[in-house]
Amino acid sequence: MKQGQTIGQIRNLLDYQQTVKKDYDVSPYRLEMTEDAKLTVRGLNTTPFKCTQTFHNQAAEKLGIPQRYYNRMLDENPVLLSQNVNAWLRNGGDRHFTLRTFQETTGNTARALLSDRYRIVDHLQVADTIEEVLGNTDGLILKSSGLTEDRLYYKYVFPKVQGEIRKGDAVQAGFIISNSETGLGACSIIPMIYRLVCTNGLVVGIMSTGFRKFHIGKTRRLENDINIYAEEYEDTLLPDKIRAFIETQLSDETFSEYFEAMRKAAEVKAEIDAKTLLERSAKKLGLSESEMKLVLEHYNEDDDRTLYGLANAVTRASQDVEDYTRASELEAMGWTVLNIDPKTWNALNEVA
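Numbering-wise (this note's numbering), the sequence shown opens with residue 5 and increments by one.
Please note that a few of the clues may not be correct.
Derived pair list, reagent style DSSO-like, types lysine-lysine, alpha-carbon separation capped at 30 Å [unchecked claim]:
hint : residue 1 : residue 2
1    : 147       : 245
2    : 26        : 66
3    : 279       : 171
4    : 347       : 273
5    : 279       : 268
6    : 42        : 164
7    : 347       : 287
8    : 26        : 42
9    : 245       : 287
10   : 297       : 279
11   : 66        : 25
12   : 245       : 171
13   : 297       : 147
14   : 288       : 268
15   : 66        : 287
16   : 25        : 147
17   : 164       : 287
18   : 245       : 279
19   : 245       : 273
20   : 347       : 288
21   : 288       : 273
22   : 25        : 42
23   : 54        : 66
24   : 297       : 171
25   : 297       : 287
26   : 54        : 42
27   : 25        : 245
28   : 297       : 273
29   : 279       : 347
30   : 66        : 288
31   : 147       : 268
32   : 268       : 287
33   : 287       : 273
34   : 164       : 147
35   : 268       : 164
36   : 26        : 245
37   : 268       : 171
38   : 297       : 245
39   : 26        : 54
40   : 54        : 25
Since the hints were derived computationally from the structure, they do not count as laboratory data.
Take these sequences, add in the hints, and give me the full structure.
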């Protein structure tokens with residue numbers, strides 16, 4: 005399992021970010037993109053904001069500009085991009101956006117451009133809840149944690165609930181708590197399975213056994229066309245939801261179903277050579293060429309020519325990618341592989 009920052013390092017970063025975080029409810033006509041693709045906000049006495057890729061992606065979506073065209077302008081002709089963006093901002097009507105920023109002495113950053121219904125649940129609230137609830141819970145082991153530009157992750161294992169997929173191949177129950185401050189995901193708890201033999205994490209993609217708190221509230225109507233975001237929101241039920249998950253879902257009964265799915269995948273044989281299988285699978289799974297090579301390397305190294313072996317190769321590759329968020333996505337992709345339907349598997353596995 006890929007390592008990010010320690011829980012103490014994350015806490016220090018979150019405390020610092022809280023001091024430089026400023027959020028606004030703002031009308032589109034207050035926003036303007038400069039010819040070097042930075043953002044200015046009329047009425048704010050600040051230097052231009054450098055825009056994250058997340059901000060650019062959301063601006064394209066909010067303004068109805070095709071993403072590929074937007075990114076091409078961003079890379080090749082930012083002046084043209086500013087003309088497009090500003091034209092559509094001036095045509096924004098009476099809607100409002102939630103603009104999330106960092107304002108630091110080293111420079112300002114536009115982090116996200118969200119709807120006026122966006123309800124902020126900050127990482128710091130999630131971190132406080134984890135300290136309150138999990139700090140006093142016996143038997144939990146924090147295996148990995150990470151804070152990226154867009155997401156916060158805590159990955160826990162509960163060794164009291166474990167199973168064996170094959171002789172000597174032990175796995176343990178666990179879960180991931182994650183949150184996004186920039187509109188890329190709800191605050192959620194998702195089951196995870198930890199494989200001891202290679203310390204991989206396999207994220208179980210079944211949300212009915214976890215929970216999500218979506219960042220959606222009521223539409224805010226503004227008296228002015230730019231306001232500091234001042235909605236005070238605290239999910240007072242979040243601690244209870246985490247406790248309920250631990251009490252009801254971290255059980256032999258729940259995870260035995262997941263373990264059985266893994267055992268069945270270990271019996272599904274691959275009939276074609278590894279390279280062909282990975283080339284066919286890469287497009288369906290959304291693997292880049294470099295990621296496919298990593299998966300192929302681990303698939304050959306483990307020499308487990310089964311559906312289970314392919315899933316483990318994908319999750320093992322998560323330890324090799326640089327980005328923590330992408331590593332977490334690959335951990336979730338392992339469960340997708342395990343649950344490939346027979347028709348799709350037969351097509352991927354068909355001998356030419």
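Evaluated hints:
1. Of the pairs offered as hints, the one joining residue 147 and residue 245 holds, with about 21 Å between alpha carbons and a cut-off of 30 Å not exceeded.
2. Restraint check: the Cα-Cα separation between residue 26 and residue 66 comes to about 21 Å, which is no more than 30 Å; the hinted pair holds.
3. Taken as a hint, the residue 279 and residue 171 pair is honoured in the structure, with Cα atoms around 28 Å apart against an allowance of 30 Å.
4. Straight-line distance between C-alpha atoms of residue 347 and residue 273 comes to about 14 Å, which keeps the hinted pair within the 30 Å bound.
5. Between residue 279 and residue 268, the direct Cα distance comes to roughly 23 Å. Compliance with the 30 Å bound is thereby established for this hinted pair.
6. For the proposed pair residue 42 and residue 164, the alpha carbon gap of about 51 Å is over 30 Å, so the pair is violated.
7. Of the pairs offered as hints, the one joining residue 347 and residue 287 holds, with about 16 Å between alpha carbons and a cut-off of 30 Å not exceeded.
8. Proposed proximity of residue 26 and residue 42 is supported: the alpha carbons are some 17 Å apart, at most 30 Å.
9. Distance hint between residue 245 and residue 287 is unfulfilled; the C-alpha atoms sit about 37 Å from each other, more than 30 Å.
10. For the hint pairing residue 297 with residue 279, the CA-to-CA distance comes to about 9 Å; that is within 30 Å, so the pair holds.
11. For the proposed pair residue 66 and residue 25, the alpha carbon gap of about 22 Å is at most 30 Å, so the pair holds.
12. A distance of roughly 35 Å separates the Cα atoms of residue 245 and residue 171; the hinted pair therefore is violated under the 30 Å criterion.
13. A hinted pair counts as satisfied when its Cα atoms are at most 30 Å apart, and residue 297 with residue 147 qualifies at roughly 26 Å.
14. In summary, the hint linking residue 288 to residue 268 is supported, as the alpha carbons are separated by about 22 Å, within the 30 Å threshold.
15. Pair hint residue 66 plus residue 287 holds up; C-alpha atoms about 28 Å apart against a cutoff of 30 Å.
16. A C-alpha spacing of about 29 Å is found between residue 25 and residue 147, which places the hinted pair at or below 30 Å, so the restraint holds.
17. Distance restraint check for residue 164 and residue 287: the Cα-Cα separation of roughly 38 Å exceeds the 30 Å cut-off, and the hinted pair is therefore not satisfied.
18. For a cut-off of 30 Å, the pair hint linking residue 245 to residue 279 is broken: about 44 Å separates their Cα positions.
19. Distance hint between residue 245 and residue 273 is unfulfilled; the C-alpha atoms sit about 40 Å from each other, more than 30 Å.
20. With a C-alpha separation of about 14 Å, the suggested pairing of residue 347 with residue 288 holds against the 30 Å cut-off.
21. With a CA separation close to 19 Å, the supplied pair residue 288 and residue 273 stays within the 30 Å bound.
22. Using a Cα cut-off of 30 Å, the hinted pair residue 25 and residue 42 holds, with the two alpha carbons roughly 18 Å apart.
23. For the proposed pair residue 54 and residue 66, the alpha carbon gap of about 18 Å is at most 30 Å, so the pair holds.
24. The suggested pairing of residue 297 with residue 171 holds, with an alpha-carbon distance near 29 Å, which does not exceed 30 Å.
25. A hinted pair counts as satisfied when its Cα atoms are at most 30 Å apart, and residue 297 with residue 287 qualifies at roughly 13 Å.
26. Of the pairs offered as hints, the one joining residue 54 and residue 42 holds, with about 5 Å between alpha carbons and a cut-off of 30 Å not exceeded.
27. Distance hint between residue 25 and residue 245 is fulfilled; the C-alpha atoms sit about 27 Å from each other, no more than 30 Å.
28. Taking the CA atoms of residue 297 and residue 273, the gap is near 21 Å; set against the 30 Å cutoff, the hint holds.
29. Between the alpha carbons of residue 279 and residue 347 the distance comes to roughly 20 Å, so the proposed pair stays at or under 30 Å and holds.
30. A hinted pair counts as satisfied when its Cα atoms are at most 30 Å apart, and residue 66 with residue 288 qualifies at roughly 28 Å.
31. Distance check on the hinted pair: residue 147 and residue 268 sit about 27 Å apart at the alpha-carbon level, within 30 Å; holds.
32. For a cut-off of 30 Å, the pair hint linking residue 268 to residue 287 stands: about 24 Å separates their Cα positions.
33. At roughly 21 Å between alpha-carbon atoms, residue 287 and residue 273 fall within 30 Å of each other, so this suggested pair holds.
34. Of the pairs offered as hints, the one joining residue 164 and residue 147 holds, with about 15 Å between alpha carbons and a cut-off of 30 Å not exceeded.
35. For the hint pairing residue 268 with residue 164, the CA-to-CA distance comes to about 23 Å; that is within 30 Å, so the pair holds.
36. Straight-line distance between C-alpha atoms of residue 26 and residue 245 comes to about 29 Å, which keeps the hinted pair within the 30 Å bound.
37. Of the pairs offered as hints, the one joining residue 268 and residue 171 holds, with about 14 Å between alpha carbons and a cut-off of 30 Å not exceeded.
38. A C-alpha spacing of about 40 Å is found between residue 297 and residue 245, which places the hinted pair above 30 Å, so the restraint is violated.
39. Distance hint between residue 26 and residue 54 is fulfilled; the C-alpha atoms sit about 14 Å from each other, no more than 30 Å.
40. Using a Cα cut-off of 30 Å, the hinted pair residue 54 and residue 25 holds, with the two alpha carbons roughly 14 Å apart.
Of the numbered hints listed earlier, those contradicted by the structure are 6, 9, 12, 17, 18, 19, 38.
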